[in-house]
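J.: Add chain W to chain L, keeping to what the hints say.
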Amino acid sequence: MNTIRYLVLWSIILLVGGCSTPVQRPPGSEPGSHPDGTGGRVRNESNVYEPRGLVRSQPEYSTPVIALMDVAARQEKQNDLAAAVSSVERALRIEPRNAFLWSRLADLRLKQKQFPLAIQLASKSNSLAAGDASLVSKNWALTAKAQRGAGNTSAAEAAERKARNYR
Amino acid sequence: MTRTPKKNRAPARKTGGSKKAPKKKKRSTARGPQGRGGSRWASRLIALILLFGAIGVLYLLFLDHKVKAGFEGKRHAVPAQVYGRSLELYGGADVSPDRLEYEFKRLGYRKVHHPKLPAAWSRDRNHIIVRTRPFDFWDGREPGRYLNLHFQRGRLQSMEDERGKSLPLVRLETPKIGSIYPSHNEDRVPIPRSELPEPLLAILMTIEDRTFYAHYGVDLKAILRATWANIRAGSIVQGGSTLTQQLAKNLYLTRERSFWRKATEALMALIIERRYTKDEILTAYVNEIYLGQDGNRAIHGFGLASHFYFNRPLQELDLPKLALLVGMIRGPSLYNPRRNPQRALERRNKVLDILYRQEVINETQKDLASRTPLGITQRVSKSGGGHPAFIDLVRRQLQRDYRPEDLTSEGLRVFTTLDPWSQQQAESAFVRRLKTLEKKHRLPIGKLEGAAIIAGSETGEILAVVGGRKAGYAGFNRALDAHRPIGSLVKPVVYLAALMHPNRYTLVTRIDDKPIKIGGRDGSVWKPKNFDLKAHGKVPLHQALSKSYNLATVNLGMDLGLAQVMGLLESLGVSRPVKAIPALLLGAVSLSPLEVTQFYQAFAAGGFLSPLRSIREVQAADGTRLQRYPLTVTQAVPAGPVYLLGRNLQEVVRSGTGRGLSSFLGRELSIAGKTGTTNDMRDSWFAGFSGNKVAVVWVGRDDNKPAGLTGAQGALQVWGDMMRRLDPAPLGLPRPDSVETVWIDPTSGLRADPQCKEAREYPFIKGSAPSLQSSCTSSKEGSLRNLFRSFFE
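Chains as they are written, first to last, in my numbering: chain L, 1 to 167; chain W, 1001 to 1793.
With the rest of the complex left out, here is chain L (with noise of 0.2 Å):
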């Protein structure tokens, strides 16, 4: 008998113990600082649905990135804006989740008046833009001329307006 109360008690202290343990947070993490945007309120593996610490909300914007645009700008200036365009999917091949790059292909394809392009690519380069409103609201006006180009007067006065809202 003694064994079991033991036992029972044993069972109590642990699970109460179990129980009353603080929440803790990772150190230095601050909700909304959370690399992966979850604000940070992540306890322990098997409570986070979302996987941690994945996305960099932020380009990386390496070395060879900047040196392809370089190249990117000086085709575009020697009007050779086929060759700027290799060069911007070049920089996408090594960081293809740089909304900066993308954004940047959607303005060459307005150039090239590809408007249809030129408005997804703008519309690829929103959904990685994480929050970054100027890059938004330049993407926003990208589109605006491009739906213009394409004729579509009403489309073109929404994004014109979504435009001016991330501003």
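Derived by calculation from the structure, the hints in this document are not laboratory data. Each statement offered as a hint is correct.
Using C-beta positions, here's what the derived DEER-type ranges look like:
| # | chain 1 | residue 1 | chain 2 | residue 2 | range |
| --- | --- | --- | --- | --- | --- |
| 1 | W | P1134 | L | L81 | 24 to 32 Å |
| 2 | W | G1567 | L | R164 | 32 to 40 Å |
| 3 | L | L81 | W | G1567 | 33 to 41 Å |
| 4 | W | D1161 | L | L81 | 28 to 36 Å |
| 5 | W | G1767 | L | R148 | 27 to 35 Å |
C-beta atoms are modelled at their ideal positions from N, C-alpha and C, and glycine is treated no differently.
T.: For chain W alone, kept in the frame of chain L given last:
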């Protein structure tokens, strides 16, 4: 019977000439048979001479036409050259020293102590020095460079030039992966006269035709000399053919040995010499001469032979290598250095000996060259090129835009997306895993087949295509042509269709995993079952997908309607007509691995569909830009629901049917994926994506008999092994603005306080999270109460 002659004679009588005529005849014979007969024979002879002359002239004209057509045609018939992607080098690039070494091998770069010439490299563990070749890319020329490369932990750390200046980015030349040659299987790498190495020409003329610049196509002296030598030897030991005659033979004639053929060859040689300059003839010869066989591909010309035997351009060959190739002209099969190395070596040394005796080279050069090994590289490819499955895909994509003759004769340069390293790793993983699977599951040896596609998840660029177990052999391309039922790989489409209605379905919505009967129009009844033959009752939507419950999926799909699922499949790039049957919800739709990759690419890229591409650019032989196949995107589905689905597919790998992947890839990579198994385990599938790659693997049997493997037992194993070798990037899904996270009590599926012990944070489309609060409250006591509640329950 006798009437006809009478009738014939009758008119003659009428005219009265019938009597005179025979007289005349008599007179003429009276002049003497010799004189009359002589003139008749003379006129017959003249007629005959004229006739033969006319035939001769016609034949010459025919030959002339043939020579012209053949010469001009062949001179321009250059197969399309197909290149893989160029390897980009920069500080931080995911390039290990071993991977770079593999790339150098592909490019035919030599390993040396210290690289002084282009196309050479040296390695000291984590430090590589290389001198690259220059290369003309579609958008400009990349110069040859000296690179000093440092590696750390399997990645390229930094890169400097000769003067120690740090370089931001360098692209290596693209490895050649094949060519698209015509159906008569002649491949060539043509080289213009200006780029023909002078030593090659010197060796060629010394060995094959010393009076090339002096004769008119035929060298009578050489023929007499050869004939005399052959008579003395009692067999054919010497040929008297000039280079021009050999060219005529190669261009237009068969290998038959006859006087007639020899005469035609001589005539053609004379015509060629009349029509073309010596330089044109020499260039045509170097590019045309037959130098071996690679399966059903004939190796024509020194340019291609140099790549085929030494894996480097002709301009980089040294004396012994050039001597070997020239020596092989006499008997490409007899002196085949791969099959008969000893005979080839003897032949090469004989050539070197002649060169020495003819004072083309000195004694030291001869001795040094004779001691050099043959230097033949291992055959990279079997018949059909190195990557037949990928080249097949390239050819199909090109055929939409180019005529077949343009592809096989215009010398197009096709820059593709193939990553030879990924391709090689995928092929090795296949070979190894299929063997292991057959052994482990006691399956008949050699019966399992498979296919795989690996692509860039955001760019849609195809990095590797495995068309079957024997990847080096051209044959049935399963990656493109094996249309098999996709089983549970279709389920994510059903769940995505549900998540696109956030007011009805969220990840935590309870759905019914209960038996269902569906009657067909023919009176049949379909009763799907779960894999474990159990029904699980009310289950959260995310769990139904992660555990791949059939009943829950069918109930969900029928609730949504088949049309929705089919429409979504179409938006996701599946263009094949799909039958509207309920079994579609469990994957009764046959697709190729390529088609499956397309819709998983859209999942991997946040709902943005990029048509899968195998070609980046096409350039004309002279460098003119012809076409680009650009990166395009179309938003196929809204980002929010795709994000939820992506998280759910991560759960599949974390704790669902795909959890076996953890023995290959670390959990921190958060890979997303889905297994697929079809009836009687005929097809085993796995489709998934990392942060940068999407890949699909199918394993099954060609005869459609049960393979005996579930998706997790078969395809997942290959997928894991394949991706592990490619060092995939972790998958971080950027959360769209339309998504928020809410703490949920998993037991009830209701909103919970974050302090609740069991509470988990789930993503929802904004505003779609449950509004009801679960009984678990925010205080510690609440959490305690919750615990005791479940304890007592």
